[in-house]
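Participant: All chains, please: the whole structure from these sequences, using the hints.
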Amino acid sequence: MELTASQMDALTELINIGYARAAAALSELTGHRISLLVPEVEVHLIPEIAESLQKVIKGDVVSVNQIFSGPINGNALLLLDREAAMLLNQLLTDRAEKSDLDGAAREVITELGNIVLNACLGAFGNLLKVQVTFTVPSLQVESVQRVIRSITVAGTELEYALIIHTRFHVRASNVSGYLVIILGVTSLKTLIVELKKWEDRELK
Amino acid sequence: MKAKILVVDDSGLARRITRKILEELGYEVEDVSDGAQALEAYVLHHHDVVVLDLLMHGMYGGDVLNKLRELNPALPVIIATADIQRTTREAVKEAGAVAMVNKPVSKDELQEVLKVVLAGGTLWN
Chain A
16 MELTASQMDA LTELINIGYA RAAAALSELT GHRISLLVPE VEVHLIPEIA
66 ESLQKVIKGD VVSVNQIFSG PINGNALLLL DREAAMLLNQ LLTDRAEKSD
116 LDGAAREVIT ELGNIVLNAC LGAFGNLLKV QVTFTVPSLQ VESVQRVIRS
166 ITVAGTELEY ALIIHTRFHV RASNVSGYLV IILGVTSLKT LIVELKKWED
216 RELK
Chain B
19 MKAKILVVDD SGLARRITRK ILEELGYEVE DVSDGAQALE AYVLHHHDVV
69 VLDLLMHGMY GGDVLNKLRE LNPALPVIIA TADIQRTTRE AVKEAGAVAM
119 VNKPVSKDEL QEVLKVVLAG GTLWN
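Sequence order for the protein chains is A and B.
Numbering-wise (our numbering), the first sequence opens with residue 16 and increments by one.
Numbering-wise (our numbering), the second sequence opens with residue 19 and increments by one.
Because the hints were derived from the structure by calculation, they are not lab data.
Be aware that one or more of the hints could be misleading.
As the list claims (entries may be wrong) - Straight-line Cα separation of at most 25 Å, SDA-like style, residue types lysine to any residue; simulated pairs:
(1) B:K125 - B:R104
(2) B:K125 - A:P62
(3) A:K144 - B:R34
(4) A:K219 - B:K38
(5) A:K212 - B:G30
Claimed, not checked - If you only want the chain B side, here are some residues facing chain A, beta carbon under 10 Å, derived:
(6) D28
(7) A32
(8) H75
(9) T99
(10) A100
(11) D101
(12) T105
(13) T106
(14) A109
Note that beta-carbon positions come from the ideal geometry of N, C-alpha and C, so glycine has one too.
Facilitator: Following this line, the structure appears as structure tokens:
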């Protein structure tokens, strides 16, 4: 399913707004300014995304996964490499850096993922006038491939993924994070329809 | 005479929305999609106000703001951004912008801001 240039432009602007809201939430949490970089948006078929993400995230990835439902439903994931997760945990808790993500650190990163994903998807919902509800977030630490496989096995209708490549700087550290939104074909079509309605409302 | 406003944003949708609002408010509008084009357009047409996005491909909006202020320290530049961080607001204020509006921009807010800015004021309350 190919998006037209105009659809991609509207989608990118929507994501830009959602991403900025997510970064603001992260700034509030960490107490540090988040320097934003332009997010790059890609739409992939599910079988292609693990490969695409493995190019940029090596080894195990810390993922916070939330299922969302409503007129548009799917999975939203925040993916962080281990270093980024450790740094964010340190910033949020002021604890000395440990070598691994213990239970307390996992709880912190899960809540951080929850807030960031809600800020981003909440902005989408508000702008598109679509009500989205979330399940409780879950955290996994494993390879990108295993993370994606576990999601797609649970939701067999899921076919497409919007990958939002983002990097942000926190306190002079270059933290890489990736937001991935996995959708079925029906939801992707609904998203495109809602994007057009949003554009029409704004230009009315 | 209509005030001339330059809109700088790499999103086509954002440019169309802002242009439509400004034209409805009675302004003359030119829009461009990156910082280099913005500097060129400003040198050629000396707009009365610039509405500038921050997060753009190519030149960062903050750098465009600095360059515009080098060209004309009195030029009113309004930042239009999705970034709602307080520190961003402080940074653009410090860099000489006259106001900041959050995206998606609303007609009421832009109208209010332009009224103040075109009268020579700033909006940082």
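Participant: Hints first: check each against the structure and report whether it holds.
Facilitator: Hints and how they fare:
1. B:K125 - B:R104: holds (22 Å)
2. B:K125 - A:P62: Violated, at about 43 Å.
3. A:K144 - B:R34: Distance of about 20 Å is within 25 Å: holds.
4. A:K219 - B:K38: holds (9 Å)
5. A:K212 - B:G30: Holds. A:K212 to B:G30 sits at ~16 Å (cutoff 25 Å).
6. D28: Holds. Min distance 8 Å.
7. A32: For B:A32, the interface hint holds, since the closest Cβ of chain A sits about 6 Å away, which is under 10 Å.
8. H75: For B:H75, the interface hint holds, since the closest Cβ of chain A sits about 6 Å away, which is under 10 Å.
9. T99: holds (7 Å)
10. A100: holds (4 Å)
11. D101: holds (5 Å)
12. T105: Holds - the Cβ of B:T105 comes within 10 Å of chain A, reaching about 4 Å at its closest.
13. T106: holds (8 Å)
14. A109: Given a least distance of 8 Å, the restraint on B:A109 holds.
Checked against the numbered hints given earlier, the structure breaks only hint 2 and satisfies all the rest.
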